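Here's the letter readout for the chains.
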Amino acid sequence: MAEFEQEDGMTRDDLVQRVALMEAMIAEGRRYTGRNSWLFVLWGLVDLTAWAWQNYSPHFGGRWAWPICLPAGAVLTLAGKMLQKSETGYSSNDLCSRVMSVWGMMGLAMGIYVASAILTHFTWQYSYVAGLLMMLGMAHAISAMFLRWRMQGLVAAVYWAGGVAIFACNSWKATNAIMLFEMGVVMMLFGLYAMGREPRRSGVKGERA
Amino acid sequence: MTNMEREDGTTRDELVQRVALMEAMIAEGRRSTARYGWIFVMWGLIYFVAMAWVVYLPLKDWAWPVCICVGVLVSIAKGRRKRASGGSETLRSRSIEAVWQIFSVGITLYVIGAIASGHGGQPSYYAAILFFIGVAHGISARILRWGAQGLAAAIWWACGIAMFFFTTRNEVLAIFLIATFFGMIVFGLYAMMLERRRAAGMVQAHA
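Protein chains in written order, with our numbering: chain A, 1 to 209; chain B, 1001 to 1207.
No lab work stands behind these hints, which were simulated from the structure alone.
Any given hint could be a false lead.
[As the list claims (entries may be wrong)] Computed footprint of chain B on chain A, listed as stretches where at least three residues anywhere in the stretch have a Cβ under 8 Å from a Cβ of chain B:
1) 46 to 56
2) 111 to 121
3) 131 to 137
4) 142 to 152
5) 186 to 195
[Stated by the list, open to error] Just the calculated beta-carbon pair ranges, DEER-fashion:
6) Phe1166(B) to Val16(A): 26 to 34 Å
7) Leu180(A) to Ala1200(B): 56 to 64 Å
8) Phe1166(B) to Asn55(A): 28 to 36 Å
9) Leu1177(B) to Lys85(A): 40 to 48 Å
[Stated by the list, open to error] Quick partial rundown of chain B residues pointing at chain A, CB under 7 Å, derived from the structure:
10) Ala1098
11) Ser1117
12) Gly1121
Predicted, not measured: the structure shown is a model, and the values here were computed from it.
Where a beta carbon is used, it is the ideal one built from N, C-alpha and C, also for glycine.
Excised from the complex, chain A in its bound form:
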C-alpha cells in the first residue's frame, strides 16, 4: 500500500504506530486488571463471610458482622497491594492509572457511603442496597469502556440489572438473594475469570475479547 500523507501531516506509518500503541496500552490495562483481580475474589469472600455471619450466627455479634468484615477487607486490600507493589516486574501505564483512578474513587465513595448508612441505621432501605450495586456497576462499566472489554461490560450490566431488580422485587428475601448472587457469585467469578486469563495474556499484545 502506498504511503499517504494526511492534511495534518500524519503518515500512514504514524497512524499504524499510534494504533499499535493504543492496542498495547489496552492490553496492558487488561493485564493490570487481571493482576488485581484477586481483589474481586477477596471482596467476594469478605461479603460472603459478613453475610453468612449476620444470617447464620445473628446471636454471635451478628450486628457487628459488616462493621468488622469491611474494615478487615480494607486492611487486607492495602496489605496485598503493598506486597504486590514490592514485587519485581510490576509495571503500569497511563491507561492502568486511569483504571486505578476509577476503582480508587469508587472504593473511597463506597466506604464513606456504607459507613454513613451504618452509623445512621439506614442500611435496611432498598435504595441503599440498590445504590451499592449501581455504584459497582458504574465502576465496572467505566473500566470496561476504557479497556474495551466486553466481559467486564457484561458484569456491569449484571450489577445494574441487580440494582433495578431490588427495586422491582421489593422484598428482603429477594434483596438478600440478589446481593448474595452479585457480591458472592458475580464478583468472585469475574475475579477468577480475570485471574485465569492473566497468565495466558502475558506477552500477548493487542488481544481483543
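Assemble chain B onto chain A, guided by the hints.
Here is chain B on its own, set in the frame of chain A:
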C-alpha cells in the same frame, strides 16, 4: 546530564518526551472539561428549576421528568454542535466523556427504578444520587489531576453524608441546593472562566 539508558532500553530523552506527552494530554483533558463547563452550569440551573417547580408549582410529579428530559435534549444538541465546530480530542478527554456517559446511564436507571417502585423518598436514595455525582467528579479529578474538580467531588460527598443525618423535606432540599450551587454551578462557572481566559490568551498570542 548525559543521555543515560535504563534497564528496559528507554533513554532519558524518551522519558522526557513521554512526560511531556502526558502533561500535554492532562492539559488537553482539562481544557476539554473547561469547554464543557456550561453543561455543569446548565444542569445546576435545571436542578434549581425542578426543585422550585416541586415546591411552588402544580403537577409536581412532572417536575423532574420534564426538566431532566429538557436537560438531556439540550446537552445532546449543544454537544453535537460543539463537536461539529471542531476541537481536538485526546484519549484522556474521551475517557472523561466515557465517565460522564456511564454515570448518566447508571443514575438514570437508578432514579427510574427507585421512582417506579416508590422508593424515591428514602434518605439513602438521595444520598446515593449525591455520591454518584461525587464519584464522576472524583474520577475526572483523579484522571486530570485537577484539585478544583476534586473539591467539587468532596462537596457532593459531604452533602451525601449530610443526607443520612438530616432527613426532613426542608433539610433535604437545602442540602441538595447547596451541593448543586457549589458542586455544579460554581464549578461550571470556574471552568468556563478558565476556558475564556485561555481563549483570550490565544487571541493575544495571535495578535
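Of the hints stated earlier, which fail here?
Numbers 1, 5, 6, 12 - these are the hints that the structure violates, sorted from lowest upward.
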